[in-house]
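There are 2 protein chains.
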Amino acid sequence: MDRVIDKISKINIFSNFTKGELLKIFDNIPYSVKEYSKGTLIRNSGERVEEFMILVNGEVITEMIDFNGKSLEIERVKAPDILASALLFAKENYLPVDVIAATNVILIYIEKKYLIKSFKENSDFLLSFLEDVGEKFNYVTEKLRITSFHTIREKITMYLLNLYNKQNKPKEITIPLTMDELASLFGVARPSLSRVISEMQKEGLFEKKGDKVILNNLKKPI
Amino acid sequence: MDRVIDKISKINIFSNFTKGELLKIFDNIPYSVKEYSKGTLIRNSGERVEEFMILVNGEVITEMIDFNGKSLEIERVKAPDILASALLFAKENYLPVDVIAATNVILIYIEKKYLIKSFKENSDFLLSFLEDVGEKFNYVTEKLRITSFHTIREKITMYLLNLYNKQNKPKEITIPLTMDELASLFGVARPSLSRVISEMQKEGLFEKKGDKVILNNLKKPI
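Chains as they are written, first to last, in my numbering: chain A, 1 to 222; chain B, 1 to 222.
Errors might be hidden in some of the hints.
Treat identical chains as interchangeable: a pair holds within one or across any two.
[Unchecked claim] Taking lysine-lysine and the BS3-like style, the derived pairs with C-alpha atoms no more than 30 Å apart in a straight line are:
| id | residue 1 | residue 2 |
| --- | --- | --- |
| 1 | Lys91 | Lys169 |
| 2 | Lys169 | Lys78 |
| 3 | Lys169 | Lys34 |
| 4 | Lys10 | Lys24 |
| 5 | Lys91 | Lys117 |
| 6 | Lys171 | Lys91 |
| 7 | Lys169 | Lys70 |
| 8 | Lys19 | Lys91 |
| 9 | Lys70 | Lys202 |
| 10 | Lys209 | Lys91 |
| 11 | Lys91 | Lys212 |
| 12 | Lys34 | Lys70 |
| 13 | Lys208 | Lys112 |
| 14 | Lys171 | Lys136 |
| 15 | Lys34 | Lys7 |
| 16 | Lys112 | Lys169 |
| 17 | Lys91 | Lys78 |
| 18 | Lys19 | Lys136 |
| 19 | Lys113 | Lys19 |
| 20 | Lys113 | Lys10 |
| 21 | Lys209 | Lys117 |
| 22 | Lys208 | Lys70 |
| 23 | Lys91 | Lys208 |
| 24 | Lys70 | Lys171 |
| 25 | Lys209 | Lys70 |
| 26 | Lys91 | Lys112 |
| 27 | Lys169 | Lys38 |
| 28 | Lys208 | Lys7 |
Think of the hints as simulated: they come from the structure by calculation, not from any bench.
Bound conformation, chain A alone (with noise of 0.2 Å):
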């Protein structure tokens, strides 16, 4: 455990811990660490998520079958990170994708139950899982109430509004993101964000300098 333990603390689930405590909450809970070489098949879909699956090394990709029969690449995710874990407490908790190796991988699985027993002797980990469930609901919702806007204009307006309410209606808002986390958010190219960014400042409906936004004349677009 000593060796991946570097690893695991960089998720944010475990982050907010010291080696020592991660260590501690590893020692007590049973976990079995499993190797897959490249191109190997991991979980198939249809299968039920019943474990914790921490991926500590390599790159996993996630494929469905199309009606034709073909592979469709649907994501690819690096280590380290948690894999699948809002389906591993839903009652439908069946894999929609199949998981495979695209690289040597290292998985750390860990029985739902004893996760259970983990979070009720040990609060803080309970609350860093559940704050860490909140955080990719609160990004996906945001996420989805953006995409319902169609052109960047507006994303970038709504966003703005968002954070305007968020943060007590200040004259200066505070963006928490860098320009590439906003491209994504926003599922739009970077270059394209900043092109329209420019032209809205351009033509003075607000000011951005650095992680400040100061309004000045900023009408809802909609």
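Fit chain B to the supplied structure of chain A, relying on the hints for placement.
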């Protein structure tokens, strides 16, 4: 408590419990009940969410204030339901909306620390909470995935493809949602959805009988 327990038991998180079990949970947890008359501002945007909020009676509206100072309705929530549960455990737990009583309203508040304490004492309650969060997350993720496809025909196909993979690639897929729920998931009007489903059936792509879809010759249209 006794008079509201029937309502609470209709909320997903509490629906796995008998009335007796729910009374026991609430006997061991400090909570407060507050009543608001129609039109009251219950919560301000910018406030931190530190309590679990159960809407037991009435209806609330959530609103943002736009850059012109005008209110913008975001959502209506009817009792019985949970409010802002994903924010409760997020680090950035600032409310992005004002919460206003659309009718006379009764809310039950439970402080976060007491909820955690109750989770530790009662694994079933914790599991039920995690299950609810997991299911909401999966719904939003699925909705976001489907939103990325533009035509209704594509949305239907990609939705069926997901079920096809989850259900172990059978010839006959079971649809777990009603037509209204499907329309809501796809973000389209129900009559439009019905029309496209009819068209696709006429073309011989699949056959829909109640909640079953028999795949004939459904090629991925993208």
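Checked hints:
no. : hint             : in the structure
1   : Lys91 to Lys169  : between (40 Å within a copy, 20 Å between copies)
2   : Lys169 to Lys78  : between (38 Å within a copy, 27 Å between copies)
3   : Lys169 to Lys34  : between (50 Å within a copy, 27 Å between copies)
4   : Lys10 to Lys24   : within (17 Å within a copy, 40 Å between copies)
5   : Lys91 to Lys117  : both (19 Å within a copy, 24 Å between copies)
6   : Lys171 to Lys91  : between (45 Å within a copy, 23 Å between copies)
7   : Lys169 to Lys70  : between (51 Å within a copy, 13 Å between copies)
8   : Lys19 to Lys91   : between (33 Å within a copy, 22 Å between copies)
9   : Lys70 to Lys202  : between (48 Å within a copy, 25 Å between copies)
10  : Lys209 to Lys91  : between (46 Å within a copy, 25 Å between copies)
11  : Lys91 to Lys212  : between (43 Å within a copy, 20 Å between copies)
12  : Lys34 to Lys70   : within (28 Å within a copy, 56 Å between copies)
13  : Lys208 to Lys112 : neither (46 Å within a copy, 37 Å between copies)
14  : Lys171 to Lys136 : within (28 Å within a copy, 34 Å between copies)
15  : Lys34 to Lys7    : within (16 Å within a copy, 46 Å between copies)
16  : Lys112 to Lys169 : between (43 Å within a copy, 26 Å between copies)
17  : Lys91 to Lys78   : both (27 Å within a copy, 24 Å between copies)
18  : Lys19 to Lys136  : within (24 Å within a copy, 32 Å between copies)
19  : Lys113 to Lys19  : both (24 Å within a copy, 26 Å between copies)
20  : Lys113 to Lys10  : both (24 Å within a copy, 26 Å between copies)
21  : Lys209 to Lys117 : neither (48 Å within a copy, 44 Å between copies)
22  : Lys208 to Lys70  : between (46 Å within a copy, 24 Å between copies)
23  : Lys91 to Lys208  : between (45 Å within a copy, 25 Å between copies)
24  : Lys70 to Lys171  : between (53 Å within a copy, 16 Å between copies)
25  : Lys209 to Lys70  : between (48 Å within a copy, 27 Å between copies)
26  : Lys91 to Lys112  : both (13 Å within a copy, 25 Å between copies)
27  : Lys169 to Lys38  : between (51 Å within a copy, 25 Å between copies)
28  : Lys208 to Lys7   : neither (36 Å within a copy, 48 Å between copies)
Checked against the numbered hints given earlier, this structure breaks hints 13, 21, 28; the rest are met.
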